Amino acid sequence: MSASGSQQGMTPAPKPEQQSPWAEAEGRLSRALRELGQTSWVVTILAVVVALVVGAVLILAANRDVQASLSYFFAQPTAFLETSFQVLREAYSALFRGAVFDWQAPSAERAIRPLTETMVYSVPLILAGLGIAIGFRSGMLNIGGQGQIILGATSAGFLGYALSMPVGLHVLLALAGGILGGAIWGGIAGVLKARTGANEVIVTIMLNNIAIYLLAWLLQQQWYKQTGSNQPLSSSVDESAQLFSLLGSGFRLHAGFLIAILATLGVWWLLERSTLGFEFRAIGENPEAARTAGINVPKATALVLVIAGGLAGLGGAAHVLGTEYRLAGGVAGTLGFDAITVALLGRSRPLGTFLAGLLLGGLRAGGVLMQAQTGTPIDIVLVLQAVIVLMIAAPPLVRAIFFLPHADGRPRLRRRSARRKARSTDSAAPVQERALQTSGAPNAESPGTMTPGTTTPGTQPPSTNTQEPGK
Amino acid sequence: MSDQTVSPAAVQAEPLKQSTTGVRPISWKYPITYAVLAALAVLFAITLPAGARTHFRLSSGGDFFEIPLVELPSRPAGWILALILVGLAGLAIWQASQRVRTRLWLPLLFGVLFVLAFLVWAGADRGAVIPLVTMLTGALALSVPLIFGAMCGLVGERSGVINIAIEAQLLAGAFLAAVAASVFTSAYMGLVFAPVAGALVGALLVFFSVKYQVNQIIVGVVLNVLIIGLTGFLFSTALTQNPELWNARQQLPRLPIPGLSQIPIIGPVLFNQTILVYLMYLIVGVLNVFLFRSRWGLRTRAVGEHPKAADTVGIKVNRMRVYNVILAGGIAGLGGAFFTIGQGLAFGKEMSAGAGFIALAAMILGRWHPIGALLAALLFGFSTSLGNTLATIGTPVPSEALLMLPYVITIFAVAGFVGRVRPPAANGTPYVK
Amino acid sequence: MKLELRGVTKRFGSFTANDRISLTVEPGEIHALLGENGAGKSTLMNTIYGLYSPDEGEILLDDREVSFNGPGDAVAAGIGMVHQHFMLIPVFTVTESVALGYEPTRAAGLMDMAQARAKVLEISARFGFDVDPDARIEDLPVGAQQRVEIIKALSRDAKVLILDEPTAVLTPQETDELITIMGQLRDSGTSIVFITHKLREVRAVADRITVIRRGAVVGETSPQSTETELAGLMVGREVNLTTLKEPANPQEVSFEVRGLTVLSSTDKVVVDDVDFSMRRGEILVIAGVDGNGQSELAQTILGIRTPVAGSILLDDKDLAPLSVKQRLAAGLGFVPEDRSTDGVIGAFTITENYVLDMYDRPPYAGGPGNVALRLPVMREAAQTQAERFDVRMGSVDDPISTLSGGNQQKVVLAREMSRDLRLFVASQPTRGLDVGSIEFVHRTIIEERDKGTPCLIVSTELDEALNLADRIAVMYRGKIVGIVPASTSRDVLGLMMAGVPADEAQAQAATHQTVMAEADEQAEAEENQ
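Chains as they are written, first to last, in UniProt numbering: chain A, 1 to 471; chain B, 1 to 433; chain C, 1 to 529.
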């Protein structure tokens, strides 16, 4: 029986003409090989390399010495190269020393401190990144990490300085408050999506901005910030509510990192081993089929964003209770968007997200030292981050840049059409990879789910593929 | 073949109009909203102290006609406005119960009167003058980048590409406009380069989302980060090291249109503007006609609704999308120019401050229609301007509440409160043969 | 115009969709391309239409070789195509749809709507179509949409017209009209390629028939061949076109639908006061043209749509308060209409798809409150059932999207029939399947019936309805027009599908026989000789 059904295109599946014949013709071995070729690791490393090269160009362009040496480039080309090399070595070595190990440090303690700094920066990134990753796996693009982190920080911080309580209890209560704050913020988007079909991308973007103004307003209210000053800054979190230090006073590393590890394990179990996670993945891959199979899609949808928001809120709470201690308007920085990067980089896998969080935390920590020592503005970290994600999202581009053979081993001639087909049969490739591609929802079957605007639940959103004339 | 095939045709030819035994339920959302707002206006009127006065300034500084301050007795004015609003709300309720479609003038008039009622209340006995024209000018100024951004988003999404990177395009436009204007010491050179910056961001968007089919929302989010990082980096290095060369302020001159600019109140607001604002009028007008009545518009919409159908009639779907998104990027770039050369400011870090997202919101609230998006952007601009005014004259309403308003309204809109918003069907879906 | 293909080959990776296909369509000829689902007919036509480029072989028009770089070139060369899934934009008007891609314009690229409109009216008049040029596509019935597609092709002066499964969405009487139109076109010199898998139509319409199987031409015959011959060619072995089944042995009534009314998302009535009841051990087929409320009826029984009035009773228990999950637990087996969107999750493994509606209860879930999945148990059950249902697969850990449509459907059936059923509902259970899989599905359903389960089957294929049903209910615009025995003639069913009540349909059919029914009678007479 060959390619039945799909070949004919009787079923309104997305690109049926190519999907089935391909998938069938493919032996397991070749599929395994292709997966290997598309393995995230190779692409991830190469993406980082591309990002560092782009960063290098920027650093050089902005450096005065390099500019100066360029002016007499034709007279002394080596001077230019030498200066460039020097500048880059300084910058990137500062980045490394700030993130991992500082061999120039006066003491052993100071030498390993950078790594712990990386861990400190990574705590909120990992926690919020896990939240975003759960969303991706469940077919939801939660852009609202920022708002959820802000709400988490806002509630945790307030509970942290406004109450006086015994040591252990206080920190737990503050953390719980942070989770609740984030969960409510995520839950708004979740409930609206579940009940009215409101597109979560739009709602979460809007909620981010609302959160910013909400915090700005709160920081003008005496009852909230509990300080006498006019500064938009809250009072400090009580010691009883602070996350305890893991390595003593010389280090900033706090118990939040343990929470991040636990959360990673918890999210793994949730997604891979629990019935709830099965529901999440099912609605992520194909909400229609999930609904037909009796899964309560609205409930699961709302729950996904509640949990995602809770994780981001926990990240915000850990950030305030472990690192910042005070609330200011910019307490969340760019954490929310960095968390999206983390989830993408980690391919929405819990372990991957954890590692990606460390990588980005490292870039942050290193960026601080790089700015201090070489005057390279820390904004460059944003550029590196963006380039890494773009590269990872487009593996064919990375392969093209490095002249790698195409993943499916076919000759690079007719690459274009080959790539297309490879994609449409990509069902065997990791879920996340496909989550990056196509219509946003991992299920290409219902592109409507990702369009902003309203699609009432219970109706098929108008979509090109499921065109049914006459309805 | 026989002639026997005639009879059933009669049955089938009749168009498929659905029988409506179960009638669509009356939507009470709008009437209730009107009623609540009217009640609020009544509340304003009740709480106004007797003898209080509200002052409005109807002219801006260098006006042709100098209109004196308008002083209103707050209480009677408040009551008159409240009663009219109650009447309008009653009309809306009656129309809903009779299933009469409400015309557009009703919400517009209602909105204007409600704002007036609010201002009368907020400005009563504050000792401060409410600068109406300044407020409207500010509203338009705040709307300009939003309108450009919304038009950009609209062109992209009508052809099936979601653009979350409007923010990046505005920022890039602002940046390059400032730099080009500074380097060439001519604001008009900034105007030439700003669209280039926006278009480049648009080109990146389509490069990844059309050529590599990366999820469009993700590319958009990442491009925002990229441009914030890039402009921030360059600002902290070159622009700060040598501001005279790279970041000197340049301003587009105002070009008052003779005659029109002398109309009281709206004249100075609408027609004493820079070429950038006139360009904006032109772009909205042209889009409104061309999107629905030109070959380009028909094809653009086809590509956004059903790319495969467009392909089968020989339209190059992806090429169309690429051109449109780049073109749209140019429009957004112009909008970005308003932040710098439009207002005579130097470039500052992250100076677009979320305008791109409000532009996105305006496009959705305007239901992917140029005029709708224009009105929504004006509404958002106005609410921000109102917020700023209130912050200066000091009212019980926190200005943050008004600054939040665009976002809150948008959430209501996508949650279906403002009726079903229907995006282009293939929006966000890459087209692969 | 004469269309000739020489050795056209199209591959997708290592899969050869079209293998050295050669065929000639003479001017003014209706040439049928017959093949079962998946034989490669659509691929071939998409190649001719410029959507794919052939890997080998050539296409000739009037003996000149052509090569197309997209559909635009094909249209310019005089080829028109009416796709099986119409290529119309729902929010466009008829005029806009016809003009798209070939817009008459005035200055500055603005459209000349008057001219575009005139063109629509002119072609409509020429063929006696009744189409309003200002109507929106989404408001038109399917038959009218198809006519818009034909107008579209003709407005570009198509000399070769490809019709891809054009009758799939039509009633027999509408099919008749289409046949008339095809005749008119042929007489005006247009060559027509008529793609179908329906043997009866081919014999009634075609001047010549090319049969393809597994991507290759297996024969060219005349319409004089018998259905059995054609079926043999198409499938490659002896086929029984009718599934043998014992007569039904209906027992007590166990499932009832009373006064059921359902609204669509836009508040239109899609199921209108529907009443019927079913006995244990019988198959009731709901027939009708697609989009007349059958899908919504099935979805309401499952519980993913909420009715505004009426009740659904299974074993005297009202299903209304039950969720989908509870209904499935109460013994409902459900095979959805669209396998790839509703039936399976493509990226999930076969195992995961097998437990898709049972993952949260023992034995597949365990721990307190059944929170944890028990992967080994799931896997083993999937393995056993897959073998029982003869699913051709590598491993149960493979994504289900690696299976063919037929095998995916078997997994769905295995899943739904692994429970003790009190009611079995299937929508279009064989849509898009090849003959072998269709036979398997039909046998499985009949077995389920013989176990005493009432089986409700929604089918738009009249052949399937006649083959499978013990009784047939015909739906039209949300109402059940009538419930008739399975022995009812096609013409009567066809009229009922257009809304004519059963007795009236009987009377009309007796006096106005359709072309196809005539052909049937003739064929029967021939075979009896």
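These are computed hints drawn from the structure, not numbers from a lab. It is possible that some hints are incorrect.
To be verified - Some chain A residues near chain B, calculated using beta-carbon distances under 10 Å:
(1) M165
(2) V203
(3) S240
(4) L390
Unchecked claim - As a list, the in silico DSS-like pairs of lysine-lysine whose alpha-carbon atoms are at most 25 Å apart:
(5) K198(C) / K245(C)
(6) K268(C) / K479(C)
(7) K308(B) / K119(C)
(8) K159(C) / K2(C)
(9) K211(B) / K349(B)
(10) K325(C) / K451(C)
(11) K159(C) / K29(B)
(12) K317(C) / K268(C)
(13) K308(B) / K159(C)
(14) K211(B) / K316(B)
(15) K479(C) / K317(C)
(16) K268(C) / K316(B)
(17) K299(A) / K479(C)
(18) K159(C) / K317(C)
(19) K245(C) / K2(C)
What the hints assert, rightly or not - Residues of chain B clear of chain A, computed beta-carbon distances all greater than 10 Å:
(20) Y30
(21) A35
(22) L88
(23) G90
All figures in this text were calculated on a predicted structure; none of them were measured in a lab. Note that beta-carbon positions come from the ideal geometry of N, C-alpha and C, so glycine has one too.
Right, here's what the structure says about each hint:
| no. | hint | in the structure |
| --- | --- | --- |
| 1 | M165 | violated, 30 Å |
| 2 | V203 | holds, 5 Å |
| 3 | S240 | violated, 31 Å |
| 4 | L390 | holds, 6 Å |
| 5 | K198(C) / K245(C) | holds, 22 Å |
| 6 | K268(C) / K479(C) | holds, 13 Å |
| 7 | K308(B) / K119(C) | holds, 24 Å |
| 8 | K159(C) / K2(C) | holds, 9 Å |
| 9 | K211(B) / K349(B) | violated, 31 Å |
| 10 | K325(C) / K451(C) | holds, 23 Å |
| 11 | K159(C) / K29(B) | violated, 55 Å |
| 12 | K317(C) / K268(C) | violated, 28 Å |
| 13 | K308(B) / K159(C) | holds, 23 Å |
| 14 | K211(B) / K316(B) | holds, 14 Å |
| 15 | K479(C) / K317(C) | holds, 24 Å |
| 16 | K268(C) / K316(B) | violated, 36 Å |
| 17 | K299(A) / K479(C) | violated, 33 Å |
| 18 | K159(C) / K317(C) | violated, 60 Å |
| 19 | K245(C) / K2(C) | violated, 46 Å |
| 20 | Y30 | holds, 16 Å |
| 21 | A35 | holds, 22 Å |
| 22 | L88 | holds, 27 Å |
| 23 | G90 | holds, 29 Å |
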